[in-house]
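Chemist: Chain A is fixed; fit chain B with the ligands onto it per the hints.
Listed below, chain by chain, are the residues.
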Amino acid sequence: MAHTLHVLTSASPVPCSRSPPLKHRPFTVFSSTHLRRSIPPLTRRSLSLNASLAVESPSISGSGEAEPLKPLLEVKDLTAVVAESKEELLHGVNLTIYEGEVHAVMGKNGSGKSTFSKVLVGHPDYEVTGGSVIFKGQNLLDMEPDERSHTGLFMSFQSPVAIPGVSNSDFLLMAYNARQAKLGLPELDPIKFYSYIQPKLAALNMDPLFLNRNVNEGFSGGERKRNEILQLSVLEADLAVLDEIDSGLDVDALQDVAKAVNSLLTPKRSILMITHYRRLLDYITPTYIHIMEDGRIVKTGDVSIAQLLEEGGYKALSSTS
Amino acid sequence: MASTSFSFPSRLLHRNPTGSSRNPRKRTATVRTLAALSDPYVLQLAETFEDSLSSAPSADTLSLPILQNLRDSSSASLLSKTWPSSKDEPFRFTDVSFLKKSEIAPVSTVPSRYSPENPQLLGVCDGQSPSLFLIDGRVVETFSDLSGLPSDVFVGSVSAAPESVLRVISDSVANFSQGDLFWDLNGMGALDIAVIHVPAGTRIEKPLYLRLFSSQGVGDGLNTLPVSNPRCIVVVEKGAYIEIIEEYFGGEEGESYWTNSVMEVAIADGGRVRHSYLQMHGKNAAHIKWTLVRQEASSGYELVEVSTGAKLSRHNLHIQQLGPDTQTNLSALHLCGCNQLQDLHSRLVLDHPRGEARQLHKSIVSHSSGRGVFDGNIQVNRYAQQTDAGQMSRNLLLVPRATVDLKPNLQIIADDVQCSHGATMSDLETEPLFYFQARGIDLQTARKALLFSFGAEVTALLHTPLRKRVEDHVKRITHC
Ligand SMILES: Nc1ncnc2c1ncn2[C@@H]1O[C@H](COP(=O)(O)OP(=O)(O)O)[C@@H](O)[C@H]1O
Ligand SMILES: [Mg+2]
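Protein chains in written order, with our numbering: chain A, 48 to 368; chain B, -7 to 472.
Just so you know, the hints here were simulated from the structure itself, not pulled from any lab data. Treat the numbers as computed from the prediction; the structure is a model and nothing was measured. Don't take every hint at face value.
Quick look at which bits of chain B chain A covers, simulated, 3 or more residues with Cβ under 8 Å [to be verified]:
| id | region |
| --- | --- |
| 1 | 180 to 194 |
| 2 | 442 to 448 |
If we take Cβ atoms under 10 Å as the criterion, some of the chain A residues that face chain B in the derived model are [claimed, not checked]:
| id | residue |
| --- | --- |
| 3 | V168 |
| 4 | P192 |
| 5 | S196 |
| 6 | V208 |
| 7 | A209 |
| 8 | L219 |
Backbone N, C-alpha and C define an ideal beta-carbon position, used for all residues, glycine too.
The following block holds chain A by itself, in its conformation from the complex (with noise of 0.2 Å):
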């Protein structure tokens, strides 16, 4: 790319030298770009992979009379780099999740949380390099980040972008609408959406002119965070992927945001949090807790690790352990 601004501040006319102080120099500013640019092709994900089932069965807890729990996301040594340096970040990630359940994933900063979480819905900035991922029994990895969410996967972004010029309505619209076609079930006009959407908004404590708002425009963080969630419940994922949808919140904003994550629960639907902090735990009670280290999951266990955590922070439950 060839993007030249020439200032020539010498070439311009100057005042007087009796004119008093300047407020703004005399300048000339020219500039000429000329330019061709080239795009890389979308990189396209795709692997080969045995699609064992062969999984390791967390231990479940109480009776196991009834219909047996049916396994909802399965990564098995997952592995990925950055897509233009090809530095690998994820070093193969073990990660189980049935219907129903809560996980945690928790970690340092920089250890890899955003990216899995990301590589799990398809960003383009990663590419994968081997494992697989599994999704309601389907390869997720040979799918587009659309059709990824059409299978019921949503990921919280833990830093929305803004999308300037299209209006929060619209852009829900076309979600929930997307998903319809993809279903098979009818679309709503701009009307019935809003008779749709107002309850969610009402659950979340948002104002209904979020909704003329551009996307993400000028959004405060909570506000964000805030949005993402009225997204999930829109689209009524499946899997909820939250990236630290805790951080930024004050104390009341994480009580509405945590009430209508709960409120999505079903039997049947699971959440995959991620934080690095305890106190979204005390909020969305998890099943099992994870600790996210260099690219890796290194531990796993129950509640009882974030009180480990707590106590001896992230060293106490390091790899060597």
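Modeler: Relative to the frame of chain A, chain B with the ligands by itself:
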């Protein structure tokens, strides 16, 4: 026609190239000089234009003094010019050589194949607002509907204009020395002048549609290029207001023709003009247009341009500030698809205090053979203190090898001013696109939505229902 002659065409000698008719000797001398200096191709072109006028049926209109004066001064000026090449700065990025390679044929006859009911002629007009219809540069009363206008407003052909209006517009015709060859060609070839005169204090509430239709395109494979030269003059007197929707379109999609248009707008003290300019020609058309605006004290001029058609489209926009406290607001959206070049050359000269000027240029290049050109010059001169000027150009390049040539250019000589400018170019960003996809919206739809929102910053400035129609048109023709 094909031979190039260095001798001055004799017909032109009968005319008065300098515009001063008293002294035949001087006239001849001028002509000789011009002939010696002239570009042979331009001479030949002038001859072609002359020939076509002699066969034009509307002799009455053509012989009006105002049109004669315009022709005379234009031909004199034309002969001092050469055909532009890429070596001339204003045409550095805009290749007009294919016009030269074509057999340019000025349109002088009126076609019979259109009737006012023809759906092709509907364009974007809402059917409720007053409209003035021009076919190939000639006002066609039967297609126009001027019933909704106040009685003291004149809208129509110069041949029907009352003496008082003629007097006002004569001052402005042919009184601009900075036009290029195409400006002069228009003056030579204009068969009519569409006149819009709004007297002092009159506000016209409904927009006036100015519908410029090019009827005589030719099919593929023919080297003939019919050219029409529409010319419009808008005079808005003190405190008056009008909204004009100037719309260009043509016959069958794929036909070749050239529309070489000029519009002059004069706005007196406190007057306001809202101007929408829509260029929606077919993909093989050529479109060159001048818009010259003169703004007196405390006047306002707002232009919203949307150019989507033609393989060559060039807009020369020239704005002169004649008094203090003016407001000027210019926005443009250009769509450059397969084999399309969209060019805006604008020049805004501020010579008086407290002017306010805003310019937004946006282009979308959606094909590797598409090209956008923007040369925007804003000059804030010594006496233009406390000017508030801003200029921004944003460009979306959707494919490899898509090209834009940008020359945003702000010259500031006054010292007490507020000025900003900038230019950007990029593809659609991956992060917003991914955000759509992550919510189940496919890439194609996501791109469309983002493209649309990019253009909406300009189209949103149009009034509904025009906005809706233009946005639908943009949606229809945007491929990505
Ligand atoms: N697109 C990328 N390009 C380069 N490095 C990246 C990219 N995404 C993440 N990383 C790096 O990978 C590591 C893990 O980041 P991240 O997954 O965001 O951590 P966490 O969410 O656990 O804080 C960090 O060192 C980060 O800088
Ligand atoms: Mg993170």
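Chemist: Sort out which numbered hints this structure fails and list those numbers smallest first.
Modeler: 1
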